[in-house]
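Enquirer: Chains as they are written, first to last, in our numbering: chain A, 487 to 899; chain B, 487 to 899.
It should be emphasised that the hints constitute simulated quantities derived from the structure, not laboratory data. Heads up, a few of these hints could be off.
Note: identical chains are not told apart, hence a pair may lie in one copy or across any two.
To be verified - Each computed DSS-like pair below joins lysine-lysine, with the alpha-carbon atoms no more than 27 Å apart:
| no. | residue 1 | residue 2 |
| --- | --- | --- |
| 1 | Lys753 | Lys706 |
| 2 | Lys677 | Lys628 |
| 3 | Lys677 | Lys764 |
| 4 | Lys545 | Lys615 |
| 5 | Lys504 | Lys545 |
| 6 | Lys615 | Lys596 |
| 7 | Lys615 | Lys628 |
| 8 | Lys817 | Lys890 |
| 9 | Lys615 | Lys695 |
| 10 | Lys731 | Lys651 |
| 11 | Lys504 | Lys677 |
Number of protein chains: 2
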Amino acid sequence: MALIVQKFGGTSVGSTEKIKAVARRVLGYQQQGNQMVIVLSAMSGETDRLTDFAQDIQKIPNRREMDMLLSTGEQVTIALFAMAVKEAGSDAVSLLGDQVAIRTDDMHTKARIKSIDTAEIKKNLDAGKIVTIAGFQGVTEKGDITTLGRGGSDTTAVALAAALKADACEIFTDVEGVYTTDPNICVKARKIDCISYDEMLELASLGAKVLDIRSVGLAKRYRVPLHVRSTFTENEGTWVIEEDKIMESMLVSGVTYNKNEARITIKHVPDQPGIAAKIFLPISDAGILVDMIIQNTSDSHLTDMTFTVMRSDYARAMEILKNVAREIGAKSVHGDQDIAKISIVGVGMRNHSGIASTMFQILANEGINMEMVSTSEIKVSCVVAEKYTELAVRALHDAFVLDKENMPIEEEF
Amino acid sequence: MALIVQKFGGTSVGSTEKIKAVARRVLGYQQQGNQMVIVLSAMSGETDRLTDFAQDIQKIPNRREMDMLLSTGEQVTIALFAMAVKEAGSDAVSLLGDQVAIRTDDMHTKARIKSIDTAEIKKNLDAGKIVTIAGFQGVTEKGDITTLGRGGSDTTAVALAAALKADACEIFTDVEGVYTTDPNICVKARKIDCISYDEMLELASLGAKVLDIRSVGLAKRYRVPLHVRSTFTENEGTWVIEEDKIMESMLVSGVTYNKNEARITIKHVPDQPGIAAKIFLPISDAGILVDMIIQNTSDSHLTDMTFTVMRSDYARAMEILKNVAREIGAKSVHGDQDIAKISIVGVGMRNHSGIASTMFQILANEGINMEMVSTSEIKVSCVVAEKYTELAVRALHDAFVLDKENMPIEEEF
Numbered sequence: 487m488a489l490i491v492q493k494f495g496g497t498s499v500g501s502t503e504k505i506k507a508v509a510r511r512v513l514g515y516q517q518q519g520n521q522m523v524i525v526l527s528a529m530s531g532e533t534d535r536l537t538d539f540a541q542d543i544q545k546i547p548n549r550r551e552m553d554m555l556l557s558t559g560e561q562v563t564i565a566l567f568a569m570a571v572k573e574a575g576s577d578a579v580s581l582l583g584d585q586v587a588i589r590t591d592d593m594h595t596k597a598r599i600k601s602i603d604t605a606e607i608k609k610n611l612d613a614g615k616i617v618t619i620a621g622f623q624g625v626t627e628k629g630d631i632t633t634l635g636r637g638g639s640d641t642t643a644v645a646l647a648a649a650l651k652a653d654a655c656e657i658f659t660d661v662e663g664v665y666t667t668d669p670n671i672c673v674k675a676r677k678i679d680c681i682s683y684d685e686m687l688e689l690a691s692l693g694a695k696v697l698d699i700r701s702v703g704l705a706k707r708y709r710v711p712l713h714v715r716s717t718f719t720e721n722e723g724t725w726v727i728e729e730d731k732i733m734e735s736m737l738v739s740g741v742t743y744n745k746n747e748a749r750i751t752i753k754h755v756p757d758q759p760g761i762a763a764k765i766f767l768p769i770s771d772a773g774i775l776v777d778m779i780i781q782n783t784s785d786s787h788l789t790d791m792t793f794t795v796m797r798s799d800y801a802r803a804m805e806i807l808k809n810v811a812r813e814i815g816a817k818s819v820h821g822d823q824d825i826a827k828i829s830i831v832g833v834g835m836r837n838h839s840g841i842a843s844t845m846f847q848i849l850a851n852e853g854i855n856m857e858m859v860s861t862s863e864i865k866v867s868c869v870v871a872e873k874y875t876e877l878a879v880r881a882l883h884d885a886f887v888l889d890k891e892n893m894p895i896e897e898e899f
Numbered sequence: 487m488a489l490i491v492q493k494f495g496g497t498s499v500g501s502t503e504k505i506k507a508v509a510r511r512v513l514g515y516q517q518q519g520n521q522m523v524i525v526l527s528a529m530s531g532e533t534d535r536l537t538d539f540a541q542d543i544q545k546i547p548n549r550r551e552m553d554m555l556l557s558t559g560e561q562v563t564i565a566l567f568a569m570a571v572k573e574a575g576s577d578a579v580s581l582l583g584d585q586v587a588i589r590t591d592d593m594h595t596k597a598r599i600k601s602i603d604t605a606e607i608k609k610n611l612d613a614g615k616i617v618t619i620a621g622f623q624g625v626t627e628k629g630d631i632t633t634l635g636r637g638g639s640d641t642t643a644v645a646l647a648a649a650l651k652a653d654a655c656e657i658f659t660d661v662e663g664v665y666t667t668d669p670n671i672c673v674k675a676r677k678i679d680c681i682s683y684d685e686m687l688e689l690a691s692l693g694a695k696v697l698d699i700r701s702v703g704l705a706k707r708y709r710v711p712l713h714v715r716s717t718f719t720e721n722e723g724t725w726v727i728e729e730d731k732i733m734e735s736m737l738v739s740g741v742t743y744n745k746n747e748a749r750i751t752i753k754h755v756p757d758q759p760g761i762a763a764k765i766f767l768p769i770s771d772a773g774i775l776v777d778m779i780i781q782n783t784s785d786s787h788l789t790d791m792t793f794t795v796m797r798s799d800y801a802r803a804m805e806i807l808k809n810v811a812r813e814i815g816a817k818s819v820h821g822d823q824d825i826a827k828i829s830i831v832g833v834g835m836r837n838h839s840g841i842a843s844t845m846f847q848i849l850a851n852e853g854i855n856m857e858m859v860s861t862s863e864i865k866v867s868c869v870v871a872e873k874y875t876e877l878a879v880r881a882l883h884d885a886f887v888l889d890k891e892n893m894p895i896e897e898e899f
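Bound conformation, chain A alone (with noise of 0.2 Å):
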């Protein structure tokens, strides 16, 4: 008898119709005997009706109240769920945050996880239920609400498999699984089996949004068995999983791209030490990321300095250098907001040199120019203008033959 738990977001239960399938599917896997923890979101449409609700009433809602309004919507969508397995002839039983009780610590509205008590779970399952529970949602040690931000459900989930130490955390989403790469603009693009958790974080942060990356983390570090998988079909999606187990690493795993990111480069900078600091430490202070920094050879002690930020942080960050440019004698501030990174991932890059080269190559042969370059021990990145995007991706992927499993990794490379 395996424990397995399951997440279905927003679109999985989005009206009562796809509430009962979801659970006469759950339904089924109990049948076959396992036990089942069922972590779900607010049906889609809810989360944005609330917050319109809020925005009206007060500019920027206060933190604890946005999370005692929005924890409602998964409390909707379990007790529905508990519901719809009772008229299927089962028993479930529903439970929040708090009545798990899922402990957070008390930063409202992205609230981390301090510890899980299974036991009011484990009771339940052994009494033969299918225990469901609220996403997005934790308690206070003082017993107010939280909720754990963006892709919050599908760090319940991750989380509590690994407090009940599951067999497996299932996603359920509405595509079929992690692809080499957007299968939008590459019709090539395949269907991963197998990957890796370091292989799968780099996808995430890079863009992939089939997964949030805080809980792609927490699988990793508890070791839990995640399987990304459709709602709408029985076919076996990607198992993300530990990087000893998969059998045959491919050199390259996918191919991602990011158009959110714009690039700015402060020229003529006077290159001295703590000169970094006075250029991005305004910048962090105005709660702007900042993604790629590269700073050029310099020669005569001046230098460029060149970094990405969010496009939609583009214009306050303009702003805010023009100002600093000033102060420490820089002599103009450029942006540029149409362009992308692309980006190639795999573990395979660890113990084969030459990837980035290859990757410059096939670059190089369709005429792209490249503008900035970092890598990580998995993946490299590379900024390229917005317009090549497409042709970008495919040319690697063909050249990657990324639509052919398990390709042998060869010395040539």
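Given the structure of chain A, go ahead and fit chain B onto it with the hints provided.
Expert: Just chain B, lined up with the frame of chain A:
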């Protein structure tokens, strides 16, 4: 400094604009130096929306899960209200039933309050905050969410006022207060300034919908001064208080009517011990409530038994009784749905005889035939043909001069 509990119903908080208006109003009371505890219902329409979801899913929704579902409605309102108070420049905190805690028994969907812990409320009041509390909900010893059934938010407000020893409990609604009769059918209807708990209990049980009967009973037991008033004006409403605090009692305080009942008569019932149980046991087993019961004086060992039930139960009751009549050897079963119960209520009746006969005379003067009569210490109810409802109400209202305040009690009545 007074401590005031105020309750606003669903229509008073039916939109974000209305919630902001309530917040401004409450802020005004706080600025006058009062400590404010605000009990809120779900936004109008919300409970219906959730109930529709449930009925889509489970024919007879599970009661525990129904409470889990419905309790979200009030949670949304208190969160938005707390935001509105903060936006208006003061401080507020929202508390759920289990955060207070309001402990109940485990009779889901119609739980009864067992105890209220006032520590958390007092702590927040002492910190200068407006405390807003979800109406209609509580929590069991085990930690399950319960709801209090019809009129539950009124009950929450009165129970909180009792536990906090509040100076007053104000119920805000969409009418100006309690009227001598329904203003929709009698233009001379007058708002009552003060009324006793007992009179209000009778009015509520007879169909005056402004206050739920359970909350009036609770207010009486704990001597909580209740103030029923309008959300939409600043006018004083109706105070429901102890009888001995009302300077001049009215002989008759109000006239009510109820068109929701139907009359059933079983003819020629053998008049022997235990026969009433044989008739009414199958009815109560079917969950059908019986209101008035009249057994005519018997001759020749045969009697007629007449009683009223809710119109919604009429068809079921008739079916059951036809079988019963066969079994006990009664002659026949007759029913009439086109009836109305007209009642007069007043504590003055305690010390003045002849009120009932005055009522009968007034109805006779209008040519209205009475089909059934029942009396209590402070009320007289008559069943008449439904078509006479308005005529009867107006005639009684006129004859007992209810449009005049403080009509003296004179001995000739």
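Enquirer: Now tell me, hint by hint, if it's right for this structure.
Expert: Cross-check of the supplied hints:
no., hint, result
1, Lys753 <-> Lys706, "neither (41 Å within a copy, 79 Å between copies)"
2, Lys677 <-> Lys628, "neither (45 Å within a copy, 46 Å between copies)"
3, Lys677 <-> Lys764, "neither (45 Å within a copy, 72 Å between copies)"
4, Lys545 <-> Lys615, "between (43 Å within a copy, 20 Å between copies)"
5, Lys504 <-> Lys545, "between (34 Å within a copy, 17 Å between copies)"
6, Lys615 <-> Lys596, "between (31 Å within a copy, 25 Å between copies)"
7, Lys615 <-> Lys628, "between (29 Å within a copy, 17 Å between copies)"
8, Lys817 <-> Lys890, "neither (50 Å within a copy, 88 Å between copies)"
9, Lys615 <-> Lys695, "neither (32 Å within a copy, 42 Å between copies)"
10, Lys731 <-> Lys651, "within (18 Å within a copy, 66 Å between copies)"
11, Lys504 <-> Lys677, "within (25 Å within a copy, 51 Å between copies)"
When held up to the earlier numbered hints, the structure conflicts with 1, 2, 3, 8, 9 and fits the remainder.
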